Amino acid sequence: MLKVMNEKELKQFIDKLNNDYKVAAPVKKQQGKQEILEYDYIEEFEEIHLEEQPDKSPKEFFLPQNEVLDPEAIAKSNPEENKTIIFGVRSCDIEALRVFDDVFLDDTYVDPYYEKRRDNTIIIGYSCPHREPTCFCDQLGISPHENKLADLYLYKFDDKYWIKSINEDSEKLIKDLADGDEDLFDEKLKNKKDNFGESDFKFNMETPIPEEKAFNAPIWDDIAEKCLGCGVCTYYCPTCFCFNFFFDEDDKENQKYRSWDSCMFSLFTKHASGHNPRETQGQRWRQRLMHKFSYHPQNYGGLSCVGCGRCVKKCPVTLDIREALKSTEEYLKDEGGAVVED
Amino acid sequence: MEAYYKEITDKIQKIAYKLLDEGKVDKIIGFGKGEFTDEVTPVFIVNKENVDKLLFSEKATPFLAKYLLNYKDEKVAITAKPCETRAINSYLSENLLQRENLIIIGINGCRGIEGNTACKECDVRNPVISDYTVGEELSDEEVSSMITNVYEDLENMNPEERNEYFQNEFERCTRCYACREACPVCYCEECFTDSNQPFWLDSSTQLKDTFTFHLMRSIHMAGRCINCGACEMACPENIDVRALSAKMYRAGEEIFDYKPGMDPEQKTLLAEYDVNDQEKGFLD
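As you go down the protein sequences, you meet chains A and L in turn. Read left to right, the first sequence gives residues 62 to 403 (our numbering). Read left to right, the second sequence gives residues 2 to 285 (our numbering).
By construction, these hints were calculated from the structure, which means they are not laboratory data. All the given hints hold, so there is nothing to weed out.
Straight-line Cα separation of at most 16 Å, EDC-like style, residue types lysine to aspartate or glutamate; simulated pairs:
1) L:28 <-> L:50
2) L:73 <-> A:286
3) A:94 <-> L:154
4) L:209 <-> A:310
5) A:263 <-> L:36
6) L:28 <-> A:282
7) A:317 <-> L:203
Label pairs and their calculated CB-CB ranges:
8) L:146 <-> A:219: 50 to 60 Å
9) A:126 <-> L:200: 13 to 23 Å
10) A:166 <-> L:213: 30 to 40 Å
11) A:162 <-> L:5: 51 to 61 Å
12) A:143 <-> L:7: 55 to 65 Å
13) L:251 <-> A:338: 35 to 45 Å
14) L:216 <-> A:259: 42 to 52 Å
These numbers come from a predicted model, not from an experiment. Idealized CB from N, CA, C, for every residue including glycine.
The whole structure should be built from the sequences, with the hints applied where relevant.
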């Protein structure tokens, strides 16, 4: 189903959705000296900013940095209550949910906390208006223009907003809007795609990256030479999901908590004995890169990097994963493997 | 690039080429440009043909001095902003580095780094230790005219207002530890937050835990913080992390007339006791 709106109608559409559901979208927030863009619940349409990439992905809506794990509360809750709509999500961040689904909705164990939030959320994607210098989703087989994992997808061509349903369930949300002309839409989308440009970085590696060739490669210390060892890249990554458990007392009782953790930290792998199997930052960087480009693909089929570039943007020393991938590719090429020839 | 920075950049490249060519050092730690971005990023040059990657500009936001601790037994050269030369002095005073292994290319007359509020307070704008210097020195008068008091408003707040200010700031903390890792003088072999035997602090971002980390860190900063602003530059949430350690810095200066990192022979504030030391705040 394809519909078309002007800005005023889009406002009415969002306001109506916000009556029936809780709508979250990229909003500007003052952070000390700087203004940042992050997903939050909105009061009104005017708060929404769609034109730039948000500083954070909507990861916290699915995996909060801290949460109390309360099995009784989760068993009682009904996903149909207080349904959330996340509006204006870019293709990279939508693709990240595929990675989360792989892990948290795995056949062998379904995470009830994640499952509830996932079932409770409707995603309205937004076709990227332009490339950021740090973006490389196109090199990882992800289209910045649309993504089938969303429920609805919004496109802006000139001063008109077009909205397309991706699954039947979501058709009811847009059925009252004016119909859009499919041919005209296809033409405009093709035109946008033709003029969008490509990432300077080219990803030519065969994936999964062969573990036996890359694991002991003498490249990791050089890749990690400037790494400070903080957790910024992992915490702002839309696909990094590693977590830690701890018990803490609140006002009443001892509760079990889950909080984010990062493979960039020495404590991440430190044993109670004091031994640390990943002693160096090079080993930790190898884990981060290989998890995304070798282990996740081995386990689930797809990459677990979506090319959003936030790790590059947010890194205090601009350690660029694209340069790390390029070094890996060059090494493997010299070793005669894992590179797709042009 | 502005002529001022162009000149400094050219000189750095010339010195770096000579040092590598003559085999005086194995590696140059400097500022450079990323391959796919325009951001200034640390670069490690081992081949003299690559010295053209080195640069310096007002966008040189990373702090390099701490990398020296990764090359304790190697001969390395480093391009150092004046604040970084203070960090190097601190390392030398604690015998963490060997002076003879190190060549320091100091940057004279630092005008400050974009977005770093510490630079507005900085009164050490020429290197305090160096083998080579690049750029024009700034005179004491010029330096004094560049100083502003960034924390006047915070100092004038009453305790409740200040508490509210810090709550608003630190509730954004994600415990990513970028401040700690970027800090040139946060170099404990094991930070208390990284200990699992015993376990001191949960990994949560509840305010009580976040505050515990930042307050513990700031207490450890007394007499060590060189007020360089690396912490605030690294913070991905734009938290005013420096406010806490800068307070320690000012307290050291006001009470004991002490400025860390001014001399390689200087002892750290807490390593030295003088019977005439003021005991302000202690049992009064």
